[in-house]
Amino acid sequence: YLRSYAADSIPSNVPFFDLGGNSIAAVQIPSQIRKKWPDVTVPVSAISKNPTLQQLAGDIDRSLNPVGLRLDAQAPETDDQEEFYSNTLPELIKEIPAKIQSASRESAKQQTVFLTGATGFLGSYILRDLLSSGNKVIAHVRAKSTEDALQRVKATCQAYGIWSDSWASNLECVTGDLQEQPLLGMQQDVYDRVAQEADVVIHNGAIVHWLKPFSSLKSANVLSTISAIKLCATGKAKKMAFVSSTSALDSDHYVELSKNLVASGAAGVSESDDMEGSRQGLTTGYGQGKWVSERLMEEAGRRGLVGSIIRAGYVLGDPKTGTTNTDDFLIRMLKGCVQVGSRPDITNTINMVPVDHVARLVIATALNQPVAPMVVCHVTGHPRLTFNQYLAALEAFGYEAPKVDFPTWRDAVEKFVEQGKEEHALLGLYHMVTGDLPGSTKAPELDDRNAAAALKADAARSGQDFSAGSAVTEDIVGQYLSFLIARGFMPKPTKKGIKTLPEAKITQEQIEALDRVGGRGGAA
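Heads up: the sequence shown at position 375 corresponds to 375 in full-length UniProt numbering, and the numbers run straight through without jumps.
FYI, nobody ran anything at the bench for these hints, they're computed from the structure. The structure presented is a predicted model; accordingly, all values stated were derived computationally and were not measured. Here a beta-carbon is modelled for each residue, glycine too, at the ideal position from N, C-alpha and C. A few of these clues could be false.
As the list claims (entries may be wrong) - Taking CB as the label site, the calculated pair distances span:
#1 Gln508 - Glu422: 36 to 42 Å
#2 Lys421 - Gln464: 45 to 51 Å
#3 Asp515 - Asp39: 42 to 48 Å
#4 Ala267 - Glu414: 46 to 52 Å
#5 Gln110 - Gln464: 17 to 23 Å
#6 Pro383 - Glu414: 29 to 35 Å
I would like the entire structure built from these sequences, with the hints used as guidance.
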């Protein structure tokens, strides 16, 4: 435990992540425990529950003496709120204002938009499209000063190759923190001014973490949604767009429902589904938080808020430049397969969409609300690639990565990690990729008619009709690979493939800027 924190001592009663624990340490600690006690198995999922050192020691004691003879071993704690995240909903709903003034659904030519998460990957593209079309943006940024906040936004956009000096006159940054309620960390006078000036709130910021429990993410990912709703109810009437995730649908119920719907000729899970199928069964704190926030948005809609819920899947890179987020699971999957020299046989489809299209839909529903006062829009690929098709792009472009059955690939990953010569790209998701990856990556097919209608209606403003949707193709994966090679994240292919990698569209300055910018980092 001490080695994970590079410390001489730590308190025994402070939770793992609260001490600064991360995904890599969460994988390494169970491995170290197995070396010390070969008969003890502490799964990574136990670390993901954010235990204290004292609780973890109790788990080890119980494993050493499973019949319970160790009287000094702590009894496991149960937390109904943690196990049933939906139990938090009734109390949270009480925080929603009883009545919210409804904003006009008509779209003005230029609007003032309050944007959270502007320094994340998706947030940067939302910012670009808003400013490029003449809107004013008030960006909420975690920083010490407004000058530092502006520099963070500028540096992030430069790293992704999308910054323009012409934006300066329409961009204002305010300092804040998604984890500080009820004003999102803003000073009262700043909050009051934003409440009077903003026409639209786009709540895109969040902490994206696949191991932290609901309780650790609640403030940044759920309470911030309540604060954003309250902001909409203060001052002038506002519309609100909430960027959610298909993680809110990651339950067995929706996989089965999708299968039955598709078999009957439907496109997939409806955008009007009541989401009761995820009231229980979501396994990540991130997905649980998105489910709770969606229900809060729906309740706010019943009380007058005009808004949208954009439910996105995997947000991949820019299809033109290849610029992508190297913290993304699917991008790390490419590198992880190259590292072990093979790819797993997985037939599931992947709901992945380029970042520019996701940003386009967020803005379309935020600025122009044509479908309903509170609408859900699914972001889904048209068409979707399967995992096999996606990973086959590696061989198409010259990498040595033949397809093998999943158990063989999993064994190769485990052996690679045990050797410890090089950090595996998927180490932070080790518990997932060495578990039932073919099962855990099953995702429901989605009906996206609301999204298509919103994009079609937005054509008058944007100048283009994007209602047919977008997708990641094999050629676009090639663009990503070129970017990843130029950045030094991926090695070059070892042989000539059936396709030639496109030229990387990245400068040395951009590479250096990318090294200074974190991953998707939405909690800005």
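Query raised in the report: If you check the beta carbons of Pro383 and Glu414, does the distance land in 29 to 35 Å?
Result: Since the Cβ atoms of Pro383 and Glu414 sit about 33 Å apart, the hinted range of 29 to 35 Å holds.
Query - Distance restraint hint 42 to 48 Å, applied to the beta-carbon atoms of Asp515 and Asp39 - result: Check passed, 43 Å falls within 42 to 48 Å.
Query raised in the report: How does the Cβ-Cβ distance of Lys421 and Gln464 compare with 45 to 51 Å: does it lie in that range?
Result: holds (49 Å)
Query - Glu414 and Ala267 - C-beta distance against the hinted 46 to 52 Å - result: Since Ala267 and Glu414 have Cβ atoms about 38 Å apart, the given range 46 to 52 Å is violated.
Requested in this report: Mind checking the hinted window 17 to 23 Å against the Cβ distance between Gln110 and Gln464?
Outcome: Because 19 Å falls inside the window, the suggested range holds.
Query - Consistency of beta-carbon spacing, Glu422 to Gln508, with hint 36 to 42 Å - result: violated (25 Å)
Figure legend: structure checked against the earlier numbered hints; hints not met, in rising order: 1 and 4.
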